[in-house]
Amino acid sequence: MKINITYLKKFVAFELEDAALKELLAGIGLEVAESQVIEGQTVFEIEITPNRPDWLSHYGVAREIAAKTGQACFLPLALDGVSLDGGEENFAITIEDATDCWRYSGCIVRDVAVGESDPTVQKLLISFGLRPINNIVDVSNLVMMTCGQPLHIFDLEQLQGEQIRIRRAKKNEKIRLLDEREVALNDDFLLIADASRPLALAGIMGGLESGISPKTRHIFIESACFDPLVIRRASRLLGFKTDASYRFERGMDIEATIPALKMALLLLGQTQPPAYFQDVYPRPLPRTEVPLDKDYPGRLTGINIKPDSSSAILQRLGFQLQDQGSRWQVQVPSHRVDVSCKEDLVEEIIRIHGYDHLQAQMPLSANPFLRIDREREIVQRLKNQLAASGFNEVINYVFQSPEENALYDPQLPPLALNNPLGKDFSVMKNSLLAGMLKNTAFNANQYWERIALFEIGNVFGQHEGKILEEKKLAISAYGLKQKKDWRCREEAFDFSYFKSLLTMLGRLMRLDFAFKKQAHPAYIDTCCFAIEIAGRPCARLGEVAPEFCRYYKLERPVFAAEIDLQALVAAVGEKRFSAMNRFPAVRRDFTFLMSKTVSYEELRSCLERLQPKVLESFELTDVFQGPTVPADKVSFSMGFTYRAQDRTLTGDEVNVIHLKFTEKMVEQMHLIQR
Amino acid sequence: MIDELKKEIEGVRQSFLNEITQIQSPEKLAALKERFLSRKKGIVGQQLLKLRDCAAGEKPVAGQLINQLKMFIETELAAIEERIGARRGKQEQWSDCSLPASDLPIGRFHLIAEIQRQIEDLFLSLGYEIAYGPEVEREEYNFTALNIPEFHPARDEQDTFFLDGFDNMVLRTHTSPMQVRYMLAHRPPLKIISPGKAFRKDDPDATHSPCFHQVEGLLVDRGINFSHLKGTLEVFCRSFFGPDVTLRFRPGYFPFTEPSAEVDISCFMCSGRQPDCKVCKGSGWLEILGSGMVHPQVLLNCGIDPETYSGFAFGMGIERVAMIKFGVPDLRLLYENDLRLLGQFG
Numbered sequence: 000m001k002i003n004i005t006y007l008k009k010f011v012a013f014e015l016e017d018a019a020l021k022e023l024l025a026g027i028g029l030e031v032a033e034s035q036v037i038e039g040q041t042v043f044e045i046e047i048t049p050n051r052p053d054w055l056s057h058y059g060v061a062r063e064i065a066a067k068t069g070q071a072c073f074l075p076l077a078l079d080g081v082s083l084d085g086g087e088e089n090f091a092i093t094i095e096d097a098t099d100c101w102r103y104s105g106c107i108v109r110d111v112a113v114g115e116s117d118p119t120v121q122k123l124l125i126s127f128g129l130r131p132i133n134n135i136v137d138v139s140n141l142v143m144m145t146c147g148q149p150l151h152i153f154d155l156e157q158l159q160g161e162q163i164r165i166r167r168a169k170k171n172e173k174i175r176l177l178d179e180r181e182v183a184l185n186d187d188f189l190l191i192a193d194a195s196r197p198l199a200l201a202g203i204m205g206g207l208e209s210g211i212s213p214k215t216r217h218i219f220i221e222s223a224c225f226d227p228l229v230i231r232r233a234s235r236l237l238g239f240k241t242d243a244s245y246r247f248e249r250g251m252d253i254e255a256t257i258p259a260l261k262m263a264l265l266l267l268g269q270t271q272p273p274a275y276f277q278d279v280y281p282r283p284l285p286r287t288e289v290p291l292d293k294d295y296p297g298r299l300t301g302i303n304i305k306p307d308s309s310s311a312i313l314q315r316l317g318f319q320l321q322d323q324g325s326r327w328q329v330q331v332p333s334h335r336v337d338v339s340c341k342e343d344l345v346e347e348i349i350r351i352h353g354y355d356h357l358q359a360q361m362p363l364s365a366n367p368f369l370r371i372d373r374e375r376e377i378v379q380r381l382k383n384q385l386a387a388s389g390f391n392e393v394i395n396y397v398f399q400s401p402e403e404n405a406l407y408d409p410q411l412p413p414l415a416l417n418n419p420l421g422k423d424f425s426v427m428k429n430s431l432l433a434g435m436l437k438n439t440a441f442n443a444n445q446y447w448e449r450i451a452l453f454e455i456g457n458v459f460g461q462h463e464g465k466i467l468e469e470k471k472l473a474i475s476a477y478g479l480k481q482k483k484d485w486r487c488r489e490e491a492f493d494f495s496y497f498k499s500l501l502t503m504l505g506r507l508m509r510l511d512f513a514f515k516k517q518a519h520p521a522y523i524d525t526c527c528f529a530i531e532i533a534g535r536p537c538a539r540l541g542e543v544a545p546e547f548c549r550y551y552k553l554e555r556p557v558f559a560a561e562i563d564l565q566a567l568v569a570a571v572g573e574k575r576f577s578a579m580n581r582f583p584a585v586r587r588d589f590t591f592l593m594s595k596t597v598s599y600e601e602l603r604s605c606l607e608r609l610q611p612k613v614l615e616s617f618e619l620t621d622v623f624q625g626p627t628v629p630a631d632k633v634s635f636s637m638g639f640t641y642r643a644q645d646r647t648l649t650g651d652e653v654n655v656i657h658l659k660f661t662e663k664m665v666e667q668m669h670l671i672q673r
Numbered sequence: 000m001i002d003e004l005k006k007e008i009e010g011v012r013q014s015f016l017n018e019i020t021q022i023q024s025p026e027k028l029a030a031l032k033e034r035f036l037s038r039k040k041g042i043v044g045q046q047l048l049k050l051r052d053c054a055a056g057e058k059p060v061a062g063q064l065i066n067q068l069k070m071f072i073e074t075e076l077a078a079i080e081e082r083i084g085a086r087r088g089k090q091e092q093w094s095d096c097s098l099p100a101s102d103l104p105i106g107r108f109h110l111i112a113e114i115q116r117q118i119e120d121l122f123l124s125l126g127y128e129i130a131y132g133p134e135v136e137r138e139e140y141n142f143t144a145l146n147i148p149e150f151h152p153a154r155d156e157q158d159t160f161f162l163d164g165f166d167n168m169v170l171r172t173h174t175s176p177m178q179v180r181y182m183l184a185h186r187p188p189l190k191i192i193s194p195g196k197a198f199r200k201d202d203p204d205a206t207h208s209p210c211f212h213q214v215e216g217l218l219v220d221r222g223i224n225f226s227h228l229k230g231t232l233e234v235f236c237r238s239f240f241g242p243d244v245t246l247r248f249r250p251g252y253f254p255f256t257e258p259s260a261e262v263d264i265s266c267f268m269c270s271g272r273q274p275d276c277k278v279c280k281g282s283g284w285l286e287i288l289g290s291g292m293v294h295p296q297v298l299l300n301c302g303i304d305p306e307t308y309s310g311f312a313f314g315m316g317i318e319r320v321a322m323i324k325f326g327v328p329d330l331r332l333l334y335e336n337d338l339r340l341l342g343q344f345g
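As they're listed, the protein sequences go chains A and B.
The first sequence runs 0 to 673 under numbering that gives the first Met the number 0.
The second sequence runs 0 to 345 under numbering that gives the first Met the number 0.
None of these hints come from the bench; they were simulated from the model.
Possibly wrong hints are sitting among the right ones.
[Stated by the list, open to error] Stretches of chain B that chain A covers, calculated by requiring three or more beta carbons in the stretch to come under 8 Å of a beta carbon on chain A:
1) 97-106
2) 128-142
3) 157-163
4) 196-206
5) 283-297
6) 313-325
[Claimed, not checked] Listed below are the simulated SDA-like cross-link pairs for lysine to any residue, each with C-alpha atoms no more than 20 Å apart in a straight line:
7) B:Lys196 x A:Lys552
8) A:Lys480 x B:Leu28
9) A:Lys465 x B:Glu139
10) B:Lys280 x A:Ala19
11) A:Lys293 x B:Asp155
12) B:Lys196 x A:Lys498
13) A:Lys465 x B:Phe161
14) A:Lys483 x B:Ala100
15) B:Lys196 x A:Val378
16) A:Lys470 x B:Arg116
17) A:Lys552 x B:Asp337
18) A:Lys482 x B:Leu103
19) A:Lys240 x B:Leu103
20) A:Lys480 x B:Ile105
21) B:Lys200 x A:Lys552
22) A:Lys498 x A:Pro626
23) A:Lys437 x B:Leu338
[Stated by the list, open to error] Where chain A lies over chain B, by a calculated footprint (3+ residues, C-beta under 8 Å):
24) 178-191
25) 246-254
26) 328-342
On a predicted model such as this, the values are computed, not experimentally measured, just so you know.
Positions of the beta carbon are idealized from the N, C-alpha and C atoms, including for glycine.
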């Protein structure tokens, strides 16, 4: 909203430098976004919040300044001297539905001369950001910018049947608007029509045919108030706004139609009453009344505001107060469509009194729902460990392209946006991996050799008409685990490192991760595993499929994992003390050859099956292939730790157990002892 | 016989101690070792030979005495050997402690996540609970329950993403719907903050992003007033931006608060003293928060009696806080995930 400061001073007296005026306006809620000089006059671009349509005019802004400074606010036009009544022409205004159009005031003026406006009027309109058109249309714009009420002026000779009807459009009706676009109508649109045709889209824009032209001789002036919802819905269907629709959809002053009409007549230089005038106001709106306890402004703001100050402020803003002892009955002026409850009144009082009077106090409220947030603690712990392991956190958008979703899993039905910013952001991501691959590629292009990332975020999908939203922790590794320098040799990320990392995160949570072979389109077949905790899957990891990597031009393998945080958090157990075993452990080693066709996993499950009671743990200490090992075999060295719960095991005792155990191993797994 | 042996052993011990104090070189140490411990000719060995002459009953005691002597000498020799040996080893093995350290990998937290955590921690210390909510939200919670009915002009200011096939769902345009969810599930007094992602259909530019982060705060109890809001935000802003920061409340508009306030902090960089300040552009103030008293209609929508309870709510953009606090010039940089930027923070 452009406010010309020179013009503003016609309505309220103030002597303020621009900076001080800006400060004053900001203090009462009018933020000056920009200040410029147009046609030699200072113009403020003011941001008007949607609750204050009464600020969408110079008079409206002047009214606020007057309330703040205590000055009078006035219209320098003798509106009282304008008489509307007396015309006797035969004409009719009909509102078909009073819920659509709340008030319609109109008049006919004969014998006008269409031409250019006075240069001062033209300059003024330019300073408001409006284009001068002709003296008639310019008057309607000047009235709107002065007092807020949008007017529309028709060429009377284009109206058929001596009547105006305010009605809903019929199916298949069309109208060509002033800006020459043609609009197909339906009954969502409210029309100003004559006996047979649509003349204008009510509250939005006039029609081309009935507009003012150089040939226009007689005019019909409309000053109306429409249901904001109707205008807003129509404007949204059309996909555009006008100065008029912007105001009507926010709510206009129902009592402003007549003064605006009078102002237009004055500005048109009319001294005689119009040839026809009618004010159709089927259901007069009572003014809103709100009771306000006199101590409530103080209670809600926490500062000491005397009742006298409160009442004085409200009265300066045009509210009428009836004193009822401990409270007032407050009548809201018709231009304040935003005020409906006592909190609204308190805002008016503190706004004019000054927000800078607010004291800083601390509330004493305790929080009975306080608790340790288990999930937050677990996530924080995982994040700390990942950072300590050299992984960097990234954050990406939640939407991506359909191709990226399909690269992860073409089977999952995507959750698509109805109105995306573009195709690249048109579906909600089904996995965090695509974003991390993109980040990996971005950083690989900056010549980073070690790109280790993690992200915490939600992934989405749909299933049987329900939206799925799950919180994930994704981890990815690309390039070098260890850069070469004088003391370290170069080491690339590999799957075994990645598996160790995941196992470490599991151990951190005291969870036993089981890795189960799986197939998934995002990972290569030979290297894709589900992580299960007590039989429940909670994550997937592996080497990312080459076509997925190639999409981001990544040449080297990417290892990635995605953890379902909800499942992980649910699996983390409560902690409880258990006594440490104080008896000494006995360690025995065993080295053997195993066929390459057997996996370690098979060996491991066999060991678990055969496990003697006193075997505490076992570990793989060495894997060896060399000239001394047959080509179809691998040499494994394993360490076994024996410990009893209740006594010290003797060496001889362990020897017997170990021998029996390894013999069974050899037999069942067809091993060759070395 | 035993007594005699004891004396002799004591004699050997003394002569060993005398000699060992004079040992300086490894060569002399080796000679000493040879003289005392050589298996055949060594002094200790000679003593062992004497066991043959002992009576059968005395043998175990005698053996034990000689063994003790042997162990004593071995221990002493080892200690000396380590002392001169270690010194010698250090001189011989090359090392240079001024060689550069290896770069052990470091991981960083994302700046946005780190600021979110700091804000969470500050409010946790003030007794607030953290309530996270879904990013795909019911339109009702995002708008209607927050006093933003359909066709309300305020919906224009929060251009909304809608979902295909789910008419009543939106990507939440703010974290405020968590207020509604929490109030529907809890009775006052209640104190929460709700951090997380929010979405608006804005093309990315230096100050806009279709996906961004917010922290919402809510406190509802008996007797809560506007000054409590100011006190709380002052404590937060001072702990976060510095103890000298002051707050400016300006009237604002949010459909779900009444009265509402925009909150500025004084510029922590120049305190308004530098017209060319890069942080505040010379205005002296930085717009940082939106806030207000919870609208009575919102309390009613959540089944809380506005005649008994009142509350305040506030919200801030995490990206904006990050950009202001650390001088990040363009919001898009925060979503590039450039390791060179991430490495500067977190």
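Evaluated hints:
no. : hint                : verdict
1   : 97-106              : holds (count 8)
2   : 128-142             : holds (count 5)
3   : 157-163             : holds (count 4)
4   : 196-206             : holds (count 4)
5   : 283-297             : holds (count 4)
6   : 313-325             : violated (count 0)
7   : B:Lys196 x A:Lys552 : violated, 29 Å
8   : A:Lys480 x B:Leu28  : violated, 49 Å
9   : A:Lys465 x B:Glu139 : holds, 17 Å
10  : B:Lys280 x A:Ala19  : holds, 18 Å
11  : A:Lys293 x B:Asp155 : violated, 36 Å
12  : B:Lys196 x A:Lys498 : violated, 31 Å
13  : A:Lys465 x B:Phe161 : holds, 15 Å
14  : A:Lys483 x B:Ala100 : holds, 12 Å
15  : B:Lys196 x A:Val378 : holds, 17 Å
16  : A:Lys470 x B:Arg116 : holds, 17 Å
17  : A:Lys552 x B:Asp337 : holds, 17 Å
18  : A:Lys482 x B:Leu103 : holds, 9 Å
19  : A:Lys240 x B:Leu103 : violated, 59 Å
20  : A:Lys480 x B:Ile105 : holds, 12 Å
21  : B:Lys200 x A:Lys552 : violated, 30 Å
22  : A:Lys498 x A:Pro626 : violated, 29 Å
23  : A:Lys437 x B:Leu338 : holds, 13 Å
24  : 178-191             : holds (count 4)
25  : 246-254             : holds (count 8)
26  : 328-342             : holds (count 9)
Hint compliance for this structure: hints 6, 7, 8, 11, 12, 19, 21 and 22 are not met, and every other hint is.
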